[in-house]
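Asker: Next come the chains, spelled out residue by residue.
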Amino acid sequence: MAKDKLENLLVDVVAKEDAPILKPLLYTSKSFYRVVFVLVGIILFGVLAWILQLRSGLGITGLNQPVFWGFYITNFVFFIGISHAGTLISAILRLARAEWRRAITRSAEVITVLVLFFGVFNIVTDLGRPDRMLKIFLNGKLSSPLLWDVMSISVYLTASAIYLYLPLIPDIALMRDTLNSGTRRFVYKVLALKWKGTEQQWHLLERAISIMAVIVIPIAVSVHTVVSYVFAMTIQPMWHSTIFGPYFVTGAIFSGIAALIIAMYFIRRSYHLEAYLKSIHFNNLGLLLLVMSLLWFYFTFTENLTAFYGAEPAHLKVFWAKFTGGYAPYFWTMVLCCFIIPLIVLSNKKTRTIFGTMMASVSVIIGMWLERFTIVLPTLINPRLPYQRGFYHPTWIEFAVTLACFASFILLYILFTKFFPIISIWEIKEGKERGIKETEKRIKSYLPE
Amino acid sequence: MPRWGMVIDLDKCTACQACVVACKAENNIPFSSPEEAAKNRIISWMTILPIMEGEYPNLRARFIPRPCMHCDKPPCVKVCPVGATYKNRDGLIAQVYSRCIGCRYCTNNCPYTVKYFNWFKPEWPKEMKSYLNPDVSIRTKGVVEKCSFCHHRLQKAKERARAENRQLEPGDYIPACVQTCPTEALYFGDLDDPKSTVAQLARSPRAFRLLEELGTEPKVYYLTEGEWHG
Numbered sequence: 062m063a064k065d066k067l068e069n070l071l072v073d074v075v076a077k078e079d080a081p082i083l084k085p086l087l088y089t090s091k092s093f094y095r096v097v098f099v100l101v102g103i104i105l106f107g108v109l110a111w112i113l114q115l116r117s118g119l120g121i122t123g124l125n126q127p128v129f130w131g132f133y134i135t136n137f138v139f140f141i142g143i144s145h146a147g148t149l150i151s152a153i154l155r156l157a158r159a160e161w162r163r164a165i166t167r168s169a170e171v172i173t174v175l176v177l178f179f180g181v182f183n184i185v186t187d188l189g190r191p192d193r194m195l196k197i198f199l200n201g202k203l204s205s206p207l208l209w210d211v212m213s214i215s216v217y218l219t220a221s222a223i224y225l226y227l228p229l230i231p232d233i234a235l236m237r238d239t240l241n242s243g244t245r246r247f248v249y250k251v252l253a254l255k256w257k258g259t260e261q262q263w264h265l266l267e268r269a270i271s272i273m274a275v276i277v278i279p280i281a282v283s284v285h286t287v288v289s290y291v292f293a294m295t296i297q298p299m300w301h302s303t304i305f306g307p308y309f310v311t312g313a314i315f316s317g318i319a320a321l322i323i324a325m326y327f328i329r330r331s332y333h334l335e336a337y338l339k340s341i342h343f344n345n346l347g348l349l350l351l352v353m354s355l356l357w358f359y360f361t362f363t364e365n366l367t368a369f370y371g372a373e374p375a376h377l378k379v380f381w382a383k384f385t386g387g388y389a390p391y392f393w394t395m396v397l398c399c400f401i402i403p404l405i406v407l408s409n410k411k412t413r414t415i416f417g418t419m420m421a422s423v424s425v426i427i428g429m430w431l432e433r434f435t436i437v438l439p440t441l442i443n444p445r446l447p448y449q450r451g452f453y454h455p456t457w458i459e460f461a462v463t464l465a466c467f468a469s470f471i472l473l474y475i476l477f478t479k480f481f482p483i484i485s486i487w488e489i490k491e492g493k494e495r496g497i498k499e500t501e502k503r504i505k506s507y508l509p510e
Numbered sequence: 072m073p074r075w076g077m078v079i080d081l082d083k084c085t086a087c088q089a090c091v092v093a094c095k096a097e098n099n100i101p102f103s104s105p106e107e108a109a110k111n112r113i114i115s116w117m118t119i120l121p122i123m124e125g126e127y128p129n130l131r132a133r134f135i136p137r138p139c140m141h142c143d144k145p146p147c148v149k150v151c152p153v154g155a156t157y158k159n160r161d162g163l164i165a166q167v168y169s170r171c172i173g174c175r176y177c178t179n180n181c182p183y184t185v186k187y188f189n190w191f192k193p194e195w196p197k198e199m200k201s202y203l204n205p206d207v208s209i210r211t212k213g214v215v216e217k218c219s220f221c222h223h224r225l226q227k228a229k230e231r232a233r234a235e236n237r238q239l240e241p242g243d244y245i246p247a248c249v250q251t252c253p254t255e256a257l258y259f260g261d262l263d264d265p266k267s268t269v270a271q272l273a274r275s276p277r278a279f280r281l282l283e284e285l286g287t288e289p290k291v292y293y294l295t296e297g298e299w300h301g
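Protein chains in written order, with this note's numbering: chain Z, 62 to 510; chain H, 72 to 301.
Please keep in mind that the hints were generated in silico from the structure rather than gathered at the bench.
Computed from a predicted model, the values in this text were never measured in an experiment.
Ideal Cβ placement from N, Cα and C applies to all residues, glycine included.
Hints are not guaranteed to be accurate.
To be verified - List of simulated lysine-lysine pairs, DSS-like, C-alpha gap at most 25 Å:
{"#": "1", "chain 1": "Z", "residue 1": "K202", "chain 2": "H", "residue 2": "K144"}
{"#": "2", "chain 1": "Z", "residue 1": "K196", "chain 2": "H", "residue 2": "K149"}
{"#": "3", "chain 1": "H", "residue 1": "K110", "chain 2": "Z", "residue 2": "K378"}
{"#": "4", "chain 1": "H", "residue 1": "K149", "chain 2": "Z", "residue 2": "K202"}
{"#": "5", "chain 1": "H", "residue 1": "K212", "chain 2": "Z", "residue 2": "K196"}
{"#": "6", "chain 1": "H", "residue 1": "K192", "chain 2": "Z", "residue 2": "K196"}
{"#": "7", "chain 1": "H", "residue 1": "K229", "chain 2": "H", "residue 2": "K95"}
{"#": "8", "chain 1": "H", "residue 1": "K158", "chain 2": "Z", "residue 2": "K202"}
{"#": "9", "chain 1": "H", "residue 1": "K158", "chain 2": "Z", "residue 2": "K196"}
{"#": "10", "chain 1": "H", "residue 1": "K229", "chain 2": "Z", "residue 2": "K202"}
{"#": "11", "chain 1": "H", "residue 1": "K212", "chain 2": "H", "residue 2": "K158"}
What the hints assert, rightly or not - Here's a subset of chain H near chain Z, in silico, CB distances under 10 Å, partners left out:
{"#": "12", "residue": "I114"}
{"#": "13", "residue": "I135"}
{"#": "14", "residue": "P152"}
{"#": "15", "residue": "R170"}
{"#": "16", "residue": "K192"}
{"#": "17", "residue": "T211"}
{"#": "18", "residue": "V215"}
Generate the whole structure from the sequences, applying the supplied hints.
Answerer: Next up, the structure:
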């Protein structure tokens with residue numbers, strides 16, 4: 062019966078072969094609820110930890126003097142990094158007219174918008190007085206890189222939300238026209254903004270999307286550059302580095318692609334979208350990930366060699382803390398996860414399978430979190446004045462809040478897939494109808510007549 | 072306009088910690104429990120840092136009292152997103168506790184690590200409450216604080232001088248640590264007044280400043296015979 066309903070709904074509106082994309086919106090399996098249940102459990106545990114921290118103060122965490130920053134700032138940098146998945150990758154692929162983008166852009170753009178909230182949340186969690194947060198706007202001082210962060214992240218959040226929303230409009234309109242149930246239909250009706258699919262509307266939409274695609278790229282680059290400035294503008298050993306801007310942007314795109322691959326893997330498996338998210342997509346993204354891995358290694362190598370060769374005592378203390386000292390396990394795990402594993406898995410065609418790229422991506426995600434961790438901590442533990450050394454032993458509070466951030470992000474993401482098609486229906490259709498012809502024409506134009 | 076500065080004679084310092092205690096009593100700094108102290112959570116605007124010079128077997132233990140350096144070019148001030156730490160009219164680096172959002176960016180950009188954070192709500196034993204200094208405000212949980220060079224004493228000294236219709240004289244304003252030091256290893260005064268003790272000592276060949284190469288221009292000078300290897 063259920064199947065009939067779906068088929069009826071879709072008659073005339075969507076070509077029948079696109080029905081699998083809409084299926085997750087109409088039917089929810091038991092395992093979905095199980096996942097939601099587990100996620101909500103983790104989130105509640107994190108909320109409990111957070112409330113405890115708000116009540117008794119940051120003393121409940123492992124932070125101390127002079128290790129004033131720890132997990133939360135690591136998470137902040139990490140989540141803002143992940144946000145580069147979407148917008149940047151999808152914008153670059155759109156502008157490059159990479160035809161294989163069509164099935165993956167939406168899932169990438171959603172990551173950006175959702176994960177940004179958790180970047181911001183971690184900053185708020187880290188504040189000693191989160192109740193005074195708004196003073197940033199009331200008494201904001203432009204000389205502080207933290208204020209630059211506030212500005213660029215707000216702009217980025219706005220721009221990437223618009224960039225997610227615009228290509229959603231035709232699909233929302235489609236949902237409005239296909240569904241006949243009450244409240245949901247009303248929401249779609251509002252969100253569809255009277256979209257009728259007229260030629261003029263299409264023209265406007267396409268223009269708007271391409272303008273936004275151009276705008277979001279510099280914004281995205283600026284965001285992670287500014288995040289790096291929070292560290293680079295200080296005079297602390299191994300933070301005060303000119304390489305940090307591009308290094309952070311590279312790391313951000315790197316972890317962003319990894320997050321996208323993982324998301325695609327689970328979307329494909331859980332919603333049976335094998336026909337859309339094919340091995341070619343994983344292969345191409347896997348190659349991109351490989352390139353970013355090499356680039357990441359290049360930056361890491363340069364950064365550390367410079368510190369080592371220059372051999373300033375303050376820098377060397379941080380350097381050795383990472384290479385042989387207390388942070389060596391994290392540092393070398395990072396090298397393993399960010400470089401060695403992805404290199405082995407992704408440079409070989411036999412292992413660059415769907416599963417292989419997913420596993421390499423998991424490795425990259427772990428490695429990139431550790432990268433942020435080994436940037437924040439060793440410097441704080443080895444401050445410039447050489448008479449005091451620090452230590453950091455995070456408590457369960459930090460772990461619980463961190464896990465809750467991951468769980469909340471995943472929860473919001475899978476809820477999104479329940480309300481909006483996670484693969485852009487109109488773009489797939491456009492690819493079939495126009496993309497093939499256009500690409501053929503384009504290739505012909507490259508060649509001698 | 073005086074440029075207030077401190078000179079600390081390391082050769083006179085016995086590391087008796089009297090300055091530390093005087094500072095805590097003067098500035099309403101709460102005690103911390105041994106457990107919190109073991110976690111590096113002590114707040115102590117004036118700290119005596121132990122230093123080991125050289126390597127075994129040629130070791131030499133030394134001590135260095137560390138207040139806020141009140142840099143003329145303070146790295147902590149630039150990074151504060153809300154202007155809660157600033158250089159006041161007297162050239163001292165001040166904290167506005169009611170504006171601080173507790174982001175701890177300033178603590179991380181201070182190369183001397185002299186800034187402290189209130190990890191918990193400050194608490195005093197019942198008996199101690201009547202001994203709190205009414206001139207110094209009590210900080211709340213979650214804000215940053217540090218040595219103020221006992222700025223409240225400067226305000227009082229200025230008011231007294233004005234009431235007595237005279238100029239501020241040397242010795243009218245000295246911080247609690249300087250006043251307390253039993254070996255008189257600490258000096259305080261106007262660095263810009265060439266006749267002042269601090270200005271003369273700061274010019275001595277024994278004088279040096281911490282991490283001078285960073286260009287922060289600290290207003291705390293140290294004195295020691297020979298070279299400082301700290």
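Asker: Going back to the hint list, which numbers does this structure go against?
Answerer: As far as the earlier hints go, only 10 is violated by this structure.
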